Amino acid sequence: MTMRATLLFAFVVLLFVGTGIVQSWNVSLTILNMGLVSAIMALGVNMQWGYAGLFNVGVMGFVALGGLGAVLVSMPPNPEHIAAGGLRVVGALILGALTIAAAIFAWRRLKTARGLSVVAILVVGFFLYRALLDPGVAAIEAIEAASTGNIGGLGLPVLLGWPVGGLLAAGAAWLIGKTALGLRSDYLAIATLGIAEIIIAILKNEDWLARGVKNVIGVPRPVPYEIDLQNDPAFVDRMIAWGFDPVTGSTIFVKLAYAGLFLVILLGLLWLAQAALASPWGRMMRAIRDNEVAAEAMGKDVTARHLQVFILGSAVCGLAGAMMTTLDGQLTPGTYQPLRYTFLIWVMVIVGGSGNNFGAVLGGFLVWWLWVQVEPLGALAMSAITAGMADGSWLKGHLIESVAHMRLLTMGVILLLVLRFSPRGLLPER
Amino acid sequence: MEPLNALVTFANFVLVPATAYGAQLALGALGVTLIYGILRFSNFAHGDTMAFGTTAVILTTWGLQAAGVSFGPLPTALLALPVGIAVAAALLLFTDRVVYRFYRAKKAVPVTFVIASLGVMFIYNGLTRFVIGPDDQRFADGARFLISARDFREMTGLDEGLAIRSTQAITVVVAVIVVALLFWFLNKTRTGKSMRAYSDNEDLALLSGINPERVVVITWLIVAGLATIAGTLYGLDKSFKPFTYFQLLLPIFAAAIVGGLGSPLGAIAGGFVIAFAEVTITYPLKKVLGYALPETLEPDGLVQLLSTDYKFAVSFVILLIVLLFRPTGLFAGKSV
Chain Y
3 MTMRATLLFA FVVLLFVGTG IVQSWNVSLT ILNMGLVSAI MALGVNMQWG
53 YAGLFNVGVM GFVALGGLGA VLVSMPPNPE HIAAGGLRVV GALILGALTI
103 AAAIFAWRRL KTARGLSVVA ILVVGFFLYR ALLDPGVAAI EAIEAASTGN
153 IGGLGLPVLL GWPVGGLLAA GAAWLIGKTA LGLRSDYLAI ATLGIAEIII
203 AILKNEDWLA RGVKNVIGVP RPVPYEIDLQ NDPAFVDRMI AWGFDPVTGS
253 TIFVKLAYAG LFLVILLGLL WLAQAALASP WGRMMRAIRD NEVAAEAMGK
303 DVTARHLQVF ILGSAVCGLA GAMMTTLDGQ LTPGTYQPLR YTFLIWVMVI
353 VGGSGNNFGA VLGGFLVWWL WVQVEPLGAL AMSAITAGMA DGSWLKGHLI
403 ESVAHMRLLT MGVILLLVLR FSPRGLLPER
Chain H
502 MEPLNALVTF ANFVLVPATA YGAQLALGAL GVTLIYGILR FSNFAHGDTM
552 AFGTTAVILT TWGLQAAGVS FGPLPTALLA LPVGIAVAAA LLLFTDRVVY
602 RFYRAKKAVP VTFVIASLGV MFIYNGLTRF VIGPDDQRFA DGARFLISAR
652 DFREMTGLDE GLAIRSTQAI TVVVAVIVVA LLFWFLNKTR TGKSMRAYSD
702 NEDLALLSGI NPERVVVITW LIVAGLATIA GTLYGLDKSF KPFTYFQLLL
752 PIFAAAIVGG LGSPLGAIAG GFVIAFAEVT ITYPLKKVLG YALPETLEPD
802 GLVQLLSTDY KFAVSFVILL IVLLFRPTGL FAGKSV
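Residue numbers (the working numbering), protein chains in the order written: chain Y, 3 to 432; chain H, 502 to 837.
Simulated from the structure, these hints should not be mistaken for laboratory data. Source: prediction; values computed, not measured. Built from N, CA and C at the ideal position, the CB exists for glycine as well. Fair warning: there could be bad hints in the mix.
Listed below are several chain H residues computed to face chain Y (Cβ distance under 7 Å; list not exhaustive) [what the hints assert, rightly or not]:
no., residue
1, 624
2, 627
3, 631
4, 754
5, 758
6, 814
7, 828
8, 831
Below, simulated DSSO-like cross-link-like pairs (lysine-lysine); rule was C-alpha separation at most 30 Å, straight line [unchecked claim]:
no., chain 1, residue 1, chain 2, residue 2
9, Y, 216, H, 787
10, Y, 216, H, 739
11, H, 787, H, 739
12, Y, 206, H, 812
13, H, 742, Y, 216
Let the sequences and hints guide you as you build the complete structure.
The following block contains the structure:
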């Protein structure tokens, strides 16, 4: 790490320590944990954009799929629901996949009337699919709709769900890459944006899968529950012996445990990413990014490498999404929106320094900290500005209320300032 | 089996709303496509530009209403449009000066502009919420219906009514006027021709003495007009909420891309393709089929191809299908 990087990371540490002292250690650790997750997301986007120049604006979709992975692995199974309609649903999904495969096959092989036959295959396939799927879904959702009403999960440890979340995202990325990576520039960007919306729409509406907007709550944890710690005499005694309040101590202990887990994963990924970037593979990726035509002339398979890095980056985003769902303890498809889960991650990568893994991580921590803290800081500033105004005046009320919208404004200003005055980010690629 | 009733039901729930929505999308997509054609980037801030222009219109409308001014049976917001357009134009020109011009001078790659427009999007989004707050605002006044369902039934003696809200009629009329003006401007005037020349071949246009900065300024002015009008029409027809406008970005982009980025005709076609697909696919056709088919064939279910919540997803599925077969859209758009 360079001097500059060391200083900037020291500054980030200072921010978190300061938050701990001024506000509370609970707040600081909460921000830190999401900061760790954000840093991993930024690392994933940096692989696609920084290494290979792929403009993926569908980060949100992969993050959500990762969350789905964690839920499907860790939630207790609902055998009754699966018995009611599981087979039909699985059959319908297979039929749907076969329909699409048949359509692709027909498009490639047929010589005459292929447009018409492809449409015919798709239309017939769609109605068969719905005829098979709908009763199955209805049967599953009918059972205890208020409390479960979905197929549940495998009931395995949630830590297993993290790689599975990554795999789900990777699978989706493969599908998307196969179809969309041939598109040029902005067409690819909008296509990924759209695919992310489609993924969220599916998560929101297919209640049998993940309860839709009814949310999956109570996702199992890899760390102990606060209440168990508080009921554990050994833990309480130790906290009292160290001079802490056992209740606060238990919340901090849980957050520290998460932070430890996340840190191990972040450092592992960072090490892998650095090794990859320094390897011949990394050099090749950057060569492709900087001059596609030349790289192709040298015999590099540009399309295959793009697909590869697209899948890798998306898998990392999916992993982060699974970690986030575990940290929240719930999957809430209704809350995924591109401003927060796609564009904010992009701000992190650009501000941190695209092409530089440490930059992406730094951007993740810094921008997330700001995203959370802009509101209290803004409220402080605004109360100073409005101090001279009469209490209860229209303008004062409006200004103080508006503080809630400061964070969007601030993020935009920061992104534009960095893009203009330090276009390669705080930690430029070397 | 009553074909007329089937037709009226279909018109009432699909044809009329989709036409109005299509016109709004087309106006939005025209703005996106013009920016792509002339400034050569996808402007992610377009949805929020619409929101900001509409905010100015709403505030002016409230001012006019407070002053007792009204536009008879038409919504007062139409009177406020010029003010909204002026405010949006000022904002866009200011943005161009402090953000985009720098990158233009540096001849930055298009994706830099796109990322800068992400920053602009955040700022506009915050600005709009700052000014008017994040809540729903209604500002439509004037007559509510051109034809109400009851009047239509009395007039025709059919079982089904056809309601046309005045906002829907106004949307279509205004959109037709705006599009006609735009095409007249692009095809007949000297400035419009120079803009098209600049869009087709920048270097050649510069050689023939076209002033690029003037072209850029005029583009932003037109975009401000299109965005504010589209936003106001959408707000009159449905309602105004900053977050909804940010989300409108998705179908608008879909429309612009389905038509082919950079092609004004494509943007209009794309707008209607997306709107009709969204409305038809998510509308339960049971009633229509009930009238259209013989009794024995009447469907039991709702015959809704996809649930209404898949609205946004539909526009993108169409986008993907079109892109798979025509990678630069129906009207062969550009790619930079």
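Results of checking the hints against the structure:
1. 624: 4 Å, holds
2. 627: 3 Å, holds
3. 631: It holds, given that the least Cβ distance between residue 631/H and chain Y is near 5 Å, below 7 Å.
4. 754: 5 Å, holds
5. 758: Result: holds, 6 Å to nearest chain Y Cβ.
6. 814: Hint holds; residue 814/H Cβ to chain Y Cβ min 4 Å, cut 7 Å.
7. 828: 6 Å, holds
8. 831: 13 Å, violated
9. 216/Y <-> 787/H: With a Cα-Cα distance of about 28 Å, the restraint between residue 216/Y and residue 787/H holds, given a limit of 30 Å.
10. 216/Y <-> 739/H: Distance of about 27 Å is within 30 Å: holds.
11. 787/H <-> 739/H: 25 Å, holds
12. 206/Y <-> 812/H: Within the cut-off at roughly 12 Å; holds.
13. 742/H <-> 216/Y: Holds - the C-alpha atoms of residue 216/Y and residue 742/H are around 24 Å apart, at most 30 Å.
In terms of the numbered hints stated before, the structure departs from hint 8 and from no other.
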